[in-house]
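Q: Line by line, the protein sequences are chains C and F.
For what it's worth, my numbering labels the leading residue of the first sequence as 1, then goes sequentially.
For what it's worth, my numbering labels the leading residue of the second sequence as 1, then goes sequentially.
Everything labelled a hint here was simulated from the structure, so no lab data went into it.
The structure presented is a predicted model; accordingly, all values stated were derived computationally and were not measured.
Treat the hints with care, since some could be wrong.
Stated by the list, open to error - From the structure, some residues in chain C lie toward chain F, with a derived Cβ separation under 10 Å: (1) Arg302; (2) Ala517; (3) Ile630.
Positions of the beta carbon are idealized from the N, C-alpha and C atoms, including for glycine.
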Amino acid sequence: MRFLFIVSSLLCLVVSSAQDPNYTTLLLDKSLTSNANAVVRLDELSIDIQSQEQMVIKRTKVVTVLNAKGDKHALMYVGYDNARKVRNIEAVVYDQMGNELEKIKEKKFKDVSAVDGSTLYSDSRVKYYPYTPVSYPYTIEIRSEVQTRNTGELVSYWSFLEDFMVSTERNRLIIKVASPDMKPAIKEKNFEGYSVEKKESLTSIAYEAVNLQSITKESLCPGIQKMAPAILIRPVKFTYGGFKAEIHDWNDLGRWMYTNLLQGRDELSPATVQMAKSLVSGVEDDLEKAKIIYKYVQENTRYISVQVGIGGIQPINAIEVDRLKYGDCKGLSNYTKALLNAVSVEAFYTHVEAGSEKVDFEEDFPDLAQGNHVILAIPYQGKYYWIDCTSQSHPFGFVGDFTDGRKVLVIKPDGGEVVRTVTYDNAENYQNTTAIYQITANGGIIGEVTRKTKGIQYDNRFGLEDQTKEVITNYYKRSWENVNNLVIDDFQFENNRTTIEFGEKLKISAVNYASKANDRLLFSPNAFNRITDVPKRYRSRKLPFEIQRGFLDEDEFQIKIPEGFTVEAIPESIRLENKFGTYNFTVEKQDDQLVLRRTFAMKQGEFSKSDYAEYRDFMKKVVKYDASKIVLKSDV
Amino acid sequence: MKSSLKFPFYIVLLLLLQYASAQSPEFGKVTKEELAEKEYPLDKEANAAILYSSRDTHYQSANGTSRLVSEYHKRIKIYSKEGFEYATAYINLFKSRSDDETVQKLKAYTYNLENGEIVRTELEKDQIFKSEISYNYKQTRFTMPNVKEGSVIEFRYQVYSPFIWNIDEFRFQTDIPIKRLEAELRTPEGFNFKQNHKGYLFVAPKVETKRDNRIDMNVVMRSFALDDVPALKAEPFVDNIDNYRSGAQFELVSIDIPGSYFRSYAQSWGDVAKSIGSTDDYKNQLDKTRSFDDELDVLLAGKTDQLAIAKILFKHVKNTITWNGIDGKYFQNGIKKTLKEKKGNSGDINLLLVAMLRYAGIDANPVVISTKDNAFPFFPTLERLNYVIAYAKIDDKDYFMDGTAEFSDLNLLPINDYNWKGLLIDNGKLVWRRIDLTSPAKAKNMYMVDVTLKEDGSAEGTYRSRLTNHGAYGFRLKFKDSNLEDFLVNRESEFDDIEISDYVTKNAETYEGPLSESFNYVFDNAAEVTGDKIYFQPLMFLREKENPFKPETREYPVDFGYSFQNKYVFNISVPKDYRVESIPEPVKMNIPNNLGSFRYIVQKNDNEIQLSVIFEINKAMISAANYPYLKEYFNLVITKEKEQIVLTKNSSESTNSTAGGR
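Pulled out of the complex, with its shape left as it was, chain C reads as follows:
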């Protein structure tokens, strides 16, 4: 599954204010330079909405880069396309004394297609200048000005702290409109604890913040967008791709999107409609029909990103995808919807912010810029089934961690609706591992492992089915690094796409699994589901943390010991329980063998920074018990 569209967020830009620049780095306040790779000296964005079809965006950005990791905050570029023209871009570089080193005029900027590695082609373009820093720190000043007919392409997210490890000396946003009814809507985010000054008149809005210290990233912490003070901006009355809009709620936005950008793009040739009908002939149930169509799409198309046309939000025609049998998320979703409609199954085109981090649409802030991917919602007996048409392998109705459990925009002919996608709760992300293995007299291990996964754990595992033997073997060698010299003697998979369960059956062996100590053998009974990483330690944790998805693992390993050895010691049993989850670990002697039983459950949740030490302590114990050893002693 892959990404899909870019609503112009790459095109931040802008203005100039005539100030006497003093960009000496030496005088910077320590509170701004400590724990920072770059200091934003000034970032001033001025948006001038001159009419519903005309907008000028100016930006002046002055950044002092303190080390090489800060270079990415001082990139000199501006994006443009058919509707957006670059009126000016220029840059000046200063050394740490504030002396001018280099002046870069617009004609020195390179003009290239804005294509990233996963896109075959895009008609968006970018002007950029590849600057090589001579020494650190240095300061750059970039001024740009663009003009666009797409007043819907406002800068939709404006942060007063642009990233982790970046501080802000001064940040200013000025929006001017031709008349009060053109004023965009604003939503303030994470202002608590920051002082951001706001000024507003009938035809303008301005924000300014000064001296904001950087935030240092910590493991499991929320994304920067959940913490940095920022404002969301959305146009109420605007033009996009030549279409006028007035948006007050998600319903309006959905209707506008459907009417102008989707309607009529789902036509198919009569032959294809006939083909679709014959695929489902004899099937009455809509959900069964949908499954057949989805299977057809998965077997006959693939994902290729080609971005041309309206700002990357309009799908190419279904008829075109039908011919090429490839498309991006928009094209493939629209095509699948068309096929579903051809067999009288209802399906809705849906915008979503995809990624393993769950990001919700803002329920009270209907904005075209939210979301980066498209999936389909299929209503059936009062609930939605979700499908991702860019995946050739996911079972029907299963979207995995790419689009699960988040608020999305379902676009219907009569309007839009914000809905949460399917959530996979703690114990639904289930894994059961059983093993029967023998420890040999010279310390080897040989045995069989059986594993079943569901939910998000299924998502992490079922892709193995399509891999080559080499990839599969390496996968197990990596996941069971604790078993050195691992040999996978045989493997079998069973992917049940109806119950959404993945089964693995393996025969494994390894030499020297147990380590020797004179006449003893020591080994960890937990050979096949061992946690080895303790969460990173922070001398003083500053940020909250979150566990985005919970899970439940259950393990039972039967261990046969070699002849001529007796058990000298087994690990003590342990049960841990706290707000993060539970952990049980017991080793028992049963007849002539040992049995390890282990359960480990983690709960989804958000936690304060003061909980981190306890969480780390919990995980540290899990790591310790997972590593604990059985000692065998030779009888001779």
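Position chain F against the provided structure of chain C, taking the given hints into account.
A: This is chain F only, laid out in the frame that chain C set:
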């Protein structure tokens, strides 16, 4: 037929293949058998295979201009979804300021079997995209329509090139298998091209002379044909996989038209060196000193020792000029502009260094190289050399310098520079020859760890290390610019989640001399305590845990980058009431051919244990033939380092007998 031949730094087993004649498949004639095939018979794991690949390169002339034309035809079978990436093609086209290569007559189809019938889908013109990818390259890209598992795709096109003497390498091997490959090169008689072979599959072309009516000349025709070429994929520790994939490169060595014209082009490395030496950059610019003489006079006032002067100048160039990341053997900016803008490409920086060294009276010259990422120059060539470093001879000793890299030093170059040989350009002494650049000096790293083991299985103590040469170089790169907190968080996870305090480095921010590191640590899970026994692996968190060499065999050498010796000394004091019950046996082993060695000795002494381990790899580059030894060596080292020491608790009567601590 097998024969072997000694190559510069590794032994290649050449599989000599005969020209294999067979019927070439015609464009468009895809068969049902090909479409029905479920897996590639000779490599069942392959996601895709090239069923047929042909290339025909020749000259054409029209209206007085000549073009080098290459006609390509490829038929590719897609077996699985993972093979879909081979349904997208990228054609790189070289361009200069005034001229460029173009693609013409592109035709492409996808074939599928539907209800037992062959269905073909054509690639439409509007699905062919053109992009600029760099200053010197553009790219034509397309992806085939209607591709699914089992599809066969086929395309052909012609590349017209105005750069008529630069014949792109013929590639005979890729990361997917090739069933049938044919290639042909026709060059006008009198234009002598030398063929240079690379990779372990050797293909001898059939050579004949024929009349080519299109250009009205006799042509020399070389034809290649191969069947069943296996895939060659990159594994860890390889300098550049392209060095080992089979192929043939052609270089124009002379034009000889009897009775009317003769001109020789670079033939030997000496010739290549001479032609580089005769460029303005090398001939005239290196002795122009006006733009820096005043500055150097101040810097070097009173200094007479040549080595000291070389060090000062090297440091001066590194401190004042920044590398812009661009390779080059010639000036990009020239001396004057480089000094003014304080940055330049590798040519600007290292040629400036040569000029400065010369000004200071040192015998200094450029050495031109091909870096590892630029692949290996298999034959005397000017184009394939991409980089220059500085070289000085002082008191009869050789010093190599690369001023582009922050942590490089005299005779301590970036690993990327060590690619077998360099080409010395000494115009003054009229010496133009190859010189060895094979191996950086051994990195000698020493780790000293004191461990106080506790009754609960935890340990604490101190860690001190001293790293030299590339050991230090690598550490410095990692340490550079990282915020100390982050650096330690990562260091703690690398070291089995110990907790680090009082962390100190010495010499981490400079490039000169050895680097040292020290800290105190607490290691919670140092030992296993069960009943009255304690078990632990004495190498603690410095144990080698995983064998980096997983496949059973390997077809190309292992490149460690540099040779090294890691020496570990552990002093472990055991808890008071415990005595040492058993310790691992000492071990000494060597990799055959003196490629490496391992020494492991544990000694006990009351309640103290001393461990000394030396782990050594003596060659930066280890041949494929020695790969099985290397793999087994790592296995044995890992197994040995896993062995445990056993402590037993003294019965209560004997508690007072141990002498205190360490």
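Q: Give a verdict on every hint.
A: Hint by hint, here is what the structure shows:
| no. | hint | in the structure |
| --- | --- | --- |
| 1 | Arg302 | holds (5 Å) |
| 2 | Ala517 | holds (4 Å) |
| 3 | Ile630 | holds (9 Å) |
Checked against the numbered hints above, the structure breaks none of them.
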